[in-house]
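Assemble the complex: chain A is given as a structure, and chain B must be docked to it using the hints.
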Amino acid sequence: MARAGRISVTVDYKEVEQRLNASVRRVQRGTRKATVAACEEIKEISLSQVPRDSNTLAESFYYDIKGSYRNFEAEIGYGRGGGVNPRTGKTASEYMVAVHEDLSAEHPVGKAKFLEDAVKEYQRNMLARWAMEVRKEL
Amino acid sequence: MADLFTDITTYLDASGLLDTTVSYDMYPDAPDYVVSLFEYGGSSPPQGVSGVSRSFQIVVRHKDAEQAYAKINEIYGFLADAGSIVYLTSDRWVQLSLKQPPFKIKVDDSARIYYGFNLVLNTYHD
Chain A
1 MARAGRISVT
11 VDYKEVEQRL
21 NASVRRVQRG
31 TRKATVAACE
41 EIKEISLSQV
51 PRDSNTLAES
61 FYYDIKGSYR
71 NFEAEIGYGR
81 GGGVNPRTGK
91 TASEYMVAVH
101 EDLSAEHPVG
111 KAKFLEDAVK
121 EYQRNMLARW
131 AMEVRKEL
Chain B
1 MADLFTDITT
11 YLDASGLLDT
21 TVSYDMYPDA
31 PDYVVSLFEY
41 GGSSPPQGVS
51 GVSRSFQIVV
61 RHKDAEQAYA
71 KINEIYGFLA
81 DAGSIVYLTS
91 DRWVQLSLKQ
101 PPFKIKVDDS
111 ARIYYGFNLV
121 LNTYHD
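Just so you know, the protein sequences line up as chains A and B, in that order. Each residue of the first sequence is one higher than the one before, counting from 1 in my numbering. Each residue of the second sequence is one higher than the one before, counting from 1 in my numbering.
So here's chain A without its partners, still in its complex pose (with noise of 0.2 Å):
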């Protein structure tokens, strides 16, 4: 014959709370090194694509990473610095839109959307690349 019973259950939430953040803390450090991953890797992919008359658009090159907690946000691009063309006179950011988006110009070295394709190939992985980068912290 069964007998009635009890059975006592007592849960630390404070420990529980502890551990949990603990591990949102890892995720949010695994984000923000996911996020910096990813921007050298645009840049390393875009770096070799940007054209070089000079190098003055290739030194312009940027990024910032914004953001906290759950949400990061990284700006990409080229036009920082001030630094000017010794053969055009013109600083980056004065040029870069025509080098990035004029499909008709030939260049030695470097191409057009070198910035826009260098991040559609980092896209093609990137949740994989991501995953990887938060998983290391966990």
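Derived from the structure by calculation, the hints contain no laboratory data. Treat the hints with care, as some may be off.
As the list claims (entries may be wrong) - From the structure, some residues in chain A lie toward chain B, with a derived Cβ separation under 8 Å: (1) A98; (2) S104; (3) K113.
These numbers come from a predicted model, not from an experiment. For glycine and all other residues, C-beta sits at the position ideal for the given N, C-alpha and C.
Only chain B this time, still in chain A's reference frame:
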């Protein structure tokens, strides 16, 4: 079925948007006023999915900046109003995505101004 350049041209021309020379993947020396179509890096879909994603740039070149801007905006506005699924011809439909509003690309040595915008067409492989 014609190639995609021809199909885009046919579609725009049928709406009376092309009133000058149209060039593909290059700018002719003359006339000054020209509408040019360029194709650049596309991408294949994931394995098992049919179709391709093809990137295009439409450019209007003109001596008069206002006219260049007006024409590129006319083409852009027409495509923006066309919806995402467009029948370029009776044989070909595409999923159309405009990447940005028209912008100035450059001014050449002959003081001709170039305005353009980029778009992506998802369609089947020719």
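Going through the hints against the structure:
no.: 1; hint: A98; result: holds, 4 Å
no.: 2; hint: S104; result: holds, 5 Å
no.: 3; hint: K113; result: holds, 6 Å
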